[in-house]
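*Asks:* Sequence:
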Amino acid sequence: MYNLEICKEFYEGKKVLVTGHTGFKGSWLCRILLLAGAEVTGYALEPPTDPSLFRTVGLEDHVRSVIGDVRDLTHLKETFADTQPEIVFHLAAQPIVRESYRDPVTTYETNVMGTVHVLECVRQTPSVRSLLNVTTDKVYDNQEWEYGYRETDRLDGYDPYSNSKSCSELVTHSYRRSFFTDNRCAVSTARAGNVIGGGDFAADRILPDCVRAMAAEKEIIVRNPYSVRPFQHVLEPLFAYLMIARKQAEDRSFENTYNVGPDEIDCVTTGELADLFCRSWGEGARWVNRHDGGPHEAGFLKLDCSRLKRTFGWKPVWHIETAVAKTVEWSKAYLAGEDMLAYMDRQIREYGW
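Under numbering that gives the first Met the number 0, the letters of the sequence shown match residues 0 to 352, in that order.
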């Protein structure tokens with residue numbers, strides 16, 4: 000069993016630094032850590048969207064929020080020196096595939112050199128006991144095979160975003176072998192599938208596009224309805240990250256690379272995900288297939304998560320239907336003007352395996 004109460008046993012009173020805390024996943028992670036009693040410092044750019052989850056739930060009032068760029072090594076070092084964190088979660092990234100085609104240089108600078116800078120700060124900060132670098136399922140050389148990719152499969156992401164994350168993995172592995180063999184700090188990476196959940200306002204993501212269409216009373220446009228992705232609710236990987244960071248801090252034999260994704264039955268096409276959304280939303284929601292001739296994106300991608308399951312006894316909890324329903328519930332509450340911090344807290348407390 001792993002849930003908020005179990006998290007408290009380890010994280011209460013711990014100093015935790017989260018890069019990318021103003022983003023969608025970073026905001027959810029910070030809130031879990033706050034509810035677990037951690038002292039949370041975030042380091043990131045201003046929220047990447049307007050509106051943003053970070054500002055919607057008022058997280059700037061609850062965490063020590065440092066606005067900065069992971070490409071700025073000097074400022075990042077100052078933040079580590081001031082914070083003296085024990086646990087570091089590295090989520091800061093340029094995370095959008097289409098944006099990586101528009102601006103590959105910034106994507107590589109952020110995702111590769113940003114990782115180098117975080118690792119260098121950890122190397123120079125003796126207080127850090129555990130670092131988790133969060134990458135993506137797209138790091139693999141995707142041959143669009145039927146089987147799920149394993150952690151031992153070849154890395155070589157296709158587009159600049161995916162490739163930069165492959166490079167981030169390699170950088171992390173090099174630093175771990177070169178500088179973290181003294182048992183002072185454990186270092187792992189986590190490769191997560193596509194996440195969904197309330198408060199994602201990003202462009203070019205299927206469920207945020209669906210919610211925006213409903214808010215505007217328009218039909219939903221789906222660009223690639225036949226592409227298969229390992230969709231999961233955002234709380235699934237976040238609780239896995241918290242578990243990995245804890246376990247390796249307590250016992251360095253747990254440091255490794257881990258896939259974090261849904262079970263086989265929950266790897267659905269984008270069109271099937273849109274169907275689930277429309278059924279859950281109701282009110283005559285419908286979608287149309289309208290390919291816009293955009294850049295290459297993988298058509299088929301699955302993960303083999305047996306290492307995570309075997310090592311920790313981990314298992315997904317909210318299958319795809321529930322994940323979509325929770326996203327719809329949060330989104331409808333947001334559009335109705337409800338207290339979204341309370342709604343967020345309720346969903347966090349409901350989750351556990």
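Treat each hint with caution, since some may be false.
[Stated by the list, open to error] In silico DSSO-like links for lysine-lysine, alpha-carbon gap of 27 Å or less:
| # | residue 1 | residue 2 |
| --- | --- | --- |
| 1 | Lys76 | Lys217 |
| 2 | Lys14 | Lys217 |
| 3 | Lys331 | Lys246 |
| 4 | Lys13 | Lys217 |
| 5 | Lys7 | Lys331 |
| 6 | Lys14 | Lys76 |
| 7 | Lys7 | Lys314 |
| 8 | Lys308 | Lys217 |
| 9 | Lys13 | Lys331 |
| 10 | Lys246 | Lys7 |
| 11 | Lys314 | Lys217 |
| 12 | Lys246 | Lys76 |
[As the list claims (entries may be wrong)] Cβ-Cβ distance ranges computed for the label pairs, FRET-style:
| # | residue 1 | residue 2 | range |
| --- | --- | --- | --- |
| 13 | Gly281 | Arg97 | 48 to 56 Å |
| 14 | Pro50 | Trp144 | 36 to 44 Å |
| 15 | Glu145 | Gly270 | 13 to 21 Å |
| 16 | Glu108 | Ala341 | 15 to 23 Å |
None of these hints come from the bench; they were simulated from the model. Each residue gets a CB set at the ideal place from its N, CA and C atoms; glycine is no exception.
*Asks:* Next, verify each hint and record whether it holds.
*Replies:* Hint check results:
| no. | hint | result |
| --- | --- | --- |
| 1 | Lys76 - Lys217 | violated (47 Å) |
| 2 | Lys14 - Lys217 | violated (45 Å) |
| 3 | Lys331 - Lys246 | violated (37 Å) |
| 4 | Lys13 - Lys217 | violated (46 Å) |
| 5 | Lys7 - Lys331 | violated (30 Å) |
| 6 | Lys14 - Lys76 | holds (16 Å) |
| 7 | Lys7 - Lys314 | holds (20 Å) |
| 8 | Lys308 - Lys217 | violated (41 Å) |
| 9 | Lys13 - Lys331 | violated (35 Å) |
| 10 | Lys246 - Lys7 | holds (14 Å) |
| 11 | Lys314 - Lys217 | violated (37 Å) |
| 12 | Lys246 - Lys76 | holds (26 Å) |
| 13 | Gly281 - Arg97: 48 to 56 Å | violated (30 Å) |
| 14 | Pro50 - Trp144: 36 to 44 Å | holds (39 Å) |
| 15 | Glu145 - Gly270: 13 to 21 Å | holds (19 Å) |
| 16 | Glu108 - Ala341: 15 to 23 Å | violated (38 Å) |
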